[in-house]
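Peer 1: Okay, here's what each chain looks like letter by letter:
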Amino acid sequence: MADIIRGTWVVAYRELLRFFTERTRMFSSLVMPLIFLAIFGAGFQNLIPNLAPGINFLKFVYPGIIAMTVLQSSIFSGISIVWDREFGFLKEILVAPLGRSGIVLGKVMGAAAIALMQAIIMLILAPFLGVSLTPAIVAALIGSVIVIAMSLSGLGVLIASRMRSQQGFQVIIQVVIFPLMFLSGVFFPVNNVPVWMSVISKINPVTYGVDAVRHIVLGKELSAISGILGQSTNSPLGVTVFGHTMAPGQDIGVVAVIGVILLAVAIWSFSRQD
Amino acid sequence: MNIIDVKELSRNYGKLVAVDKVSFQVAEGEVFGFLGPNGAGKTTTISMLCTLLKPTSGEAVLCGHDVIKQRNQVRRCIGLVFQDPTLDEYLTAEQNLRFHAYAYHLSKELREKRINEVLTLVDLSDRRKSKVRTFSGGMKRRLEIARGLLHNPKVLFLDEPTLGLDPQTRRNIWDFILQLRKQQNLTIFLTTHYMDEAENCDRISVIDRGQIIALDTPEKLKDSLGGDVVTLTAEDNQAALKELKEKFALSPEIRDGHITFSIPQGEMFLPKLTQNFQSRLISIGIHRPTLDDVFLKLTGRAIRDTEAGEKDQLRRMSQRWRGRR
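Residue numbers (the numbering used here), protein chains in the order written: chain A, 15 to 288; chain C, -17 to 307.
Just so you know, the hints here were simulated from the structure itself, not pulled from any lab data. Where hints are given, some of them may not hold.
Stated by the list, open to error - Label-pair ranges, simulated between beta-carbon atoms:
no.	chain 1	residue 1	chain 2	residue 2	range
1	C	48	A	19	21 to 31 Å
2	A	46	C	165	44 to 54 Å
3	A	34	C	102	36 to 46 Å
4	C	51	A	53	50 to 60 Å
5	C	51	A	44	22 to 32 Å
6	C	91	A	46	36 to 46 Å
7	C	165	A	193	53 to 63 Å
8	A	193	C	157	35 to 45 Å
9	A	34	C	55	44 to 54 Å
10	C	-1	A	193	54 to 64 Å
11	A	53	C	92	20 to 30 Å
12	C	21	A	19	35 to 45 Å
13	A	37	C	90	22 to 32 Å
14	C	89	A	135	43 to 53 Å
None of the values given here were measured: they were computed from a predicted structure. Note that the Cβ used here is the ideal one computed from N, Cα and C, for glycine as well.
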């Protein structure tokens, strides 16, 4: 047990050390979401009418981009095990007296910490977009981001534990990360799309993460809409599954359950290789 | 006391038997050389001994701990230097060592003391704050050795410690290894492709096709060839071969257009040979047997010929690529 705990913190420590030492990676991971926001904001803002009273496109997309940042940085952190394998450092970790599950948990914790920092930096933009934040909102957001990041980095580790080289990396990005990202309701509400897309979106765990973050950040305004339209059970901007509109707590529950499963499989898959 | 005790250790990959019932012991403080052509099972054996790979059958005990049941205890008492780099190049030398100290659970006081000690030992103290990326190949290898020693292991595994290094750096690393062995009661288990380096071992085992085919001191292995090695070339090698067999009752072999055989007291034999030899000779050479000759005799291959396997080529390419950055 001590070996597992030590494994967790040693690996997480190195993950953070790497993040702070690599200025370029830090810079690009912080600037990327800003670029997305600026381009999508400027490009679509005048094209798309308000999605709901008081919620213009920019405001709608902003929490989605926060969730997207979390998605990207956590999956990449998980997959970074492939780099460690390729450049040899994984061997140094594997021959150390550390529990295998600790190594996976360390990656996941490190990923969650990095994702959290990025999400918090994104919050600086809130006042400029007319989103008002309260300490309660920030606290709820921190909790949700940690759960989402841990689940998705579990997915990253799972993918990486089966990959032997970086060769397949591009494929993984195109086949896994892009669909997860674009079919998650970041850029459009998943309730108003063709059925096939809606079905895929609702299978995608990221959708629930995005929905939770959106509810938390735009909380008041979203509930106001439901009030105005008198549709307490079928919000146009939320996620409706079998006629039930997900509340943020339920969203996080779904993400957490999927996360626990992904993590368990990732630990099993990673420990199996010796 | 035997610090490494291996009994009938085997590993299969599907139907392929990579290591086939290998048994050997290594005494404490010994420098033990593990030689063999590529694909002979060297890396598989080392991987099993350092708990990276589960044996299919058999058992191995290191420092009194079983490699299957007590993996973390085994890991604590061994240090490893692999042939491929395993440093985090984006971190500094110090950060790499500190990670290692944390991972091996060194106490706080011991941690900084040992980091200073090993950095001094490999002469890298002045570069402790530099990123490993900026190091030369020799410096990286020295840092890896320093890291392998950081937690005071009882056994140090060196997998091709000098591969891809220039002759001078190779020399330095070897001086360093021999000095280590004198200063600390460290057992060293190493693989190498360089036969001149293998001479430094107390004992050598040669592994081929998953089995140990020889295990002895370098001197005894060389003596086992039965004297000096004579290499000659004749105008007609076949005729000369026949003549050697019939007249002198030797068992010569033809390799790469040369005839070679071993004979005790070769200096005395050569005049006798040249006096009444019928075939016309082009050249004759004689040398004391080297480990190269032993290896050739045992495996039928020169160790250098086996070197350029596909994986090594890839490795060399990646080293070149890394060197360019």
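Peer 1: Evaluate each hint against the coordinates.
Peer 2: For each hint, the structure was consulted:
no.: 1; hint: C/48 x A/19: 21 to 31 Å; verdict: holds (24 Å)
no.: 2; hint: A/46 x C/165: 44 to 54 Å; verdict: holds (52 Å)
no.: 3; hint: A/34 x C/102: 36 to 46 Å; verdict: violated (28 Å)
no.: 4; hint: C/51 x A/53: 50 to 60 Å; verdict: holds (57 Å)
no.: 5; hint: C/51 x A/44: 22 to 32 Å; verdict: violated (47 Å)
no.: 6; hint: C/91 x A/46: 36 to 46 Å; verdict: holds (44 Å)
no.: 7; hint: C/165 x A/193: 53 to 63 Å; verdict: holds (59 Å)
no.: 8; hint: A/193 x C/157: 35 to 45 Å; verdict: violated (57 Å)
no.: 9; hint: A/34 x C/55: 44 to 54 Å; verdict: violated (34 Å)
no.: 10; hint: C/-1 x A/193: 54 to 64 Å; verdict: violated (44 Å)
no.: 11; hint: A/53 x C/92: 20 to 30 Å; verdict: violated (53 Å)
no.: 12; hint: C/21 x A/19: 35 to 45 Å; verdict: holds (40 Å)
no.: 13; hint: A/37 x C/90: 22 to 32 Å; verdict: holds (30 Å)
no.: 14; hint: C/89 x A/135: 43 to 53 Å; verdict: violated (37 Å)
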